[in-house]
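Novice: Chains as they are written, first to last, in our numbering: chain A, 1 to 408; chain B, 1001 to 1294.
Where hints are given, some of them may not hold.
Derived CB-CB ranges, DEER-like [what the hints assert, rightly or not]:
{"no.": "1", "chain 1": "B", "residue 1": "VAL1159", "chain 2": "A", "residue 2": "GLU118", "range": "57 to 65 angstroms"}
{"no.": "2", "chain 1": "A", "residue 1": "LYS162", "chain 2": "B", "residue 2": "PHE1013", "range": "53 to 61 angstroms"}
{"no.": "3", "chain 1": "B", "residue 1": "ILE1007", "chain 2": "A", "residue 2": "ALA296", "range": "51 to 59 angstroms"}
{"no.": "4", "chain 1": "B", "residue 1": "ILE1113", "chain 2": "A", "residue 2": "LYS119", "range": "53 to 61 angstroms"}
{"no.": "5", "chain 1": "A", "residue 1": "ARG286", "chain 2": "B", "residue 2": "ALA1063", "range": "19 to 27 angstroms"}
If you want the footprint, here are the derived chain A segments under chain B, 3+ residues with CB under 8 angstroms [as the list claims (entries may be wrong)]:
{"no.": "6", "segment": "336-349"}
{"no.": "7", "segment": "393-406"}
Keep in mind the hints are simulated off the structure, nothing from the lab.
For glycine and all other residues, C-beta sits at the position ideal for the given N, C-alpha and C.
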Amino acid sequence: MVLQRRDLLGTAVAAAAGTAWPRRRARAQAQTIRIGVMNDMSGPYRDGSGPGSVVLTQQAVQDFGSRGFNVEVLQADHQNKPDVGANIARQWLDQGVDVVADLPTSSVALAVNQIAREKNKVHLNSGAATSDLTGAICSPNTVHWTYDTYMLAKSTGAAIVKAGGDSWFFITADYAFGHALERDTGNFVKAQGGTVLGNVRFPFPATTDFSAFVVQARASRAKVLGLATASTDTVNAIKGAREFGLQRSMKIAALLIGLPDVKALGLESGQGLLLTEPFYWDMNDRTRALTQRVKAKNQDRPPAMEPAGCYGMVLHYLKAVADMGVAAAKASGADAVARMKAMPTDDDAFGPGLIRADGRKIHPSYLFQVKTPAESRNPWDLYKLVATTPAEEAFRPLSEGNCPLVRS
Amino acid sequence: MDDIFGIPAPLLFGQLLLGLINGAFYAMLSLGLAVIFGLLNIVNMAHGAQFMMGAFAAWMLLAWFGIGYWWALLLAPIIIAITGIILERLLISRLYKLDHLYGLLLTFGLALIIEGVFRNEFGSSGLPYRIPDALSGAWDLGFMFMPVYRGWVVIAALVLCLATWLIIEKTRLGAYLRAATENAALVQAFGVNVPRMVTLTYGFGVALAAVGGVLAAPIYSVNPQMGSNLIIVVFATVVIGGMGSILGAILTGFTLGVVEGLTKVFWPEASATVIFVIMAIVLLARPAGLFGRA
Chain A
1 MVLQRRDLLG TAVAAAAGTA WPRRRARAQA QTIRIGVMND MSGPYRDGSG
51 PGSVVLTQQA VQDFGSRGFN VEVLQADHQN KPDVGANIAR QWLDQGVDVV
101 ADLPTSSVAL AVNQIAREKN KVHLNSGAAT SDLTGAICSP NTVHWTYDTY
151 MLAKSTGAAI VKAGGDSWFF ITADYAFGHA LERDTGNFVK AQGGTVLGNV
201 RFPFPATTDF SAFVVQARAS RAKVLGLATA STDTVNAIKG AREFGLQRSM
251 KIAALLIGLP DVKALGLESG QGLLLTEPFY WDMNDRTRAL TQRVKAKNQD
301 RPPAMEPAGC YGMVLHYLKA VADMGVAAAK ASGADAVARM KAMPTDDDAF
351 GPGLIRADGR KIHPSYLFQV KTPAESRNPW DLYKLVATTP AEEAFRPLSE
401 GNCPLVRS
Chain B
1001 MDDIFGIPAP LLFGQLLLGL INGAFYAMLS LGLAVIFGLL NIVNMAHGAQ
1051 FMMGAFAAWM LLAWFGIGYW WALLLAPIII AITGIILERL LISRLYKLDH
1101 LYGLLLTFGL ALIIEGVFRN EFGSSGLPYR IPDALSGAWD LGFMFMPVYR
1151 GWVVIAALVL CLATWLIIEK TRLGAYLRAA TENAALVQAF GVNVPRMVTL
1201 TYGFGVALAA VGGVLAAPIY SVNPQMGSNL IIVVFATVVI GGMGSILGAI
1251 LTGFTLGVVE GLTKVFWPEA SATVIFVIMA IVLLARPAGL FGRA
């Protein structure tokens, strides 16, 4: 791993996280649910999760209202490093935190997933992409809420193959997330009779220039450039691809690109891109109402899908806690998750839905196209809806994930 | 056309050229660092943040004042140089008599603060900045598709590097600067205002970083962490070239760009590591760097 300046701070932050909240009396502790929002507060994934996820978590607590117990929301920066994330999670869970929430960056999510299970606490995941969280390593303590690599692959990948893009070349972030997204998309491409002509894996997060990879992609003569990348990397890769004239001979499939990234890319460069999200602030009256409630607290930005997921999953968790009692929920994370699975979900961000036995939250996924500058009516009017995949078909079928919780 | 090591030759030539373009950024940034270290003995960890500020200044000039790329290329470095000069006068100048480590820690802290402030204000995902119309489009070189803008970056970087080297090695001003690093008291006794010269030198080094930032704005995402990925590589470049060696920084910058470019073809996963492997080998064989005076 390349030494980054943020590494130098890692230990300090991890140490500080342990003392981040005041100590309370033991009696008050029994009636307090503690939710730790852990994500990237200072790096490339900040805008897609970061403080926005904290704001939406607090909004969920506020909208849930008072039901006879306190809810405290903590936050920490895992800097996209599994070791830092694991340290914070251990400290939190040992010191009375009940839920670790958000956790973007698949490598960190996979590390914390194991810890939450060991300590029988709750891992509510919104930000991570890897579909492995509800696959072979699924956990009775985990709910994976917002999206996953399978959902992205199925919606964006299948739409592009259907439109004639049957040969692919991947530029892939070289860690758990990129590998999972490339694998899931490749499977769809092959299942529909397409071929994967090659791939190139770049070091995350130390890569700025993608031109070398773009030129390799062009030389492969594939019809589609699949970007198994996220946030700044996706923006840099698309900018590079446009600069090198890739769009004349290839389609660009940005498999994971969110609202802040499209904003950063600009409609000029981004127009026409296809992308998949389960939440967009301007979908319906409920999403618009939620956006209105949080916008002022969220630096005047509408929520991205990961913070919206934090809203939905924390609200649902609190409903489950109210239903089973605080003491029982604190005593066993697995029981709390089981109760969440037993109750149907409903929130302003995602509408009605449910959580499957493997921990996968089910809702429709939407295929959007980025608007042209002429079509956009306000600074955050960026998407138009192209297609909807119904909830039952949007995610990997229960039987194909090899999750032990399903077989038993 | 023939294959070279299993890679089609056109692809390989293309990658060499791309490596050279990235090398231009490394050279420009490590040049600024080498100038500052050579003359001030300060390890300027804020260089990446100043590169980022250059890019943001270009964006602000366009978005807030409607001032385009060409003027930004001139104004942004001046603005950022002034911020650098203020920093030097207020803080850095107090550390010249202390160990290198103090300067390193101070500028490192400044970099973190600057990046944090920008992150709070503008978020992490970045801002769009268009390639100027005069430099958009591309040439078809036969073996590859070469964007005009990237060609411009290489030319601009080469000119800047050469001019800097000439100023420092061949002019009277450069002679004063070099003399002042050897023996400041003696040069001051000849009537040269050494503290002001040192301040302006820091400003110049910072301006070089800012020019790099403006050049990078149209092709990379303009975001607060854009400098922190580059700066570590650039430090390695300076160390390999020899701390304080101007020519060493320039040549090593371009060479490492090419080496990294080739690694991206043969073993892309290692492309972020290869420079540090080279650094380790060079430090073992020649602790003062390739062009450094032992």
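Novice: For every hint, state whether the structure bears it out.
Specialist: Results of checking the hints against the structure:
1. VAL1159/B / GLU118/A: 57 to 65 angstroms: 60 angstroms Cβ-Cβ, so the 57 to 65 angstroms window holds.
2. LYS162/A / PHE1013/B: 53 to 61 angstroms: violated, 37 angstroms
3. ILE1007/B / ALA296/A: 51 to 59 angstroms: holds, 54 angstroms
4. ILE1113/B / LYS119/A: 53 to 61 angstroms: violated, 36 angstroms
5. ARG286/A / ALA1063/B: 19 to 27 angstroms: Given about 33 angstroms between the Cβ atoms, the range is violated.
6. 336-349: violated (count 0)
7. 393-406: violated (count 0)
Comparing the model with each earlier hint shows violations of hints 2, 4, 5, 6, 7; every other hint is respected.
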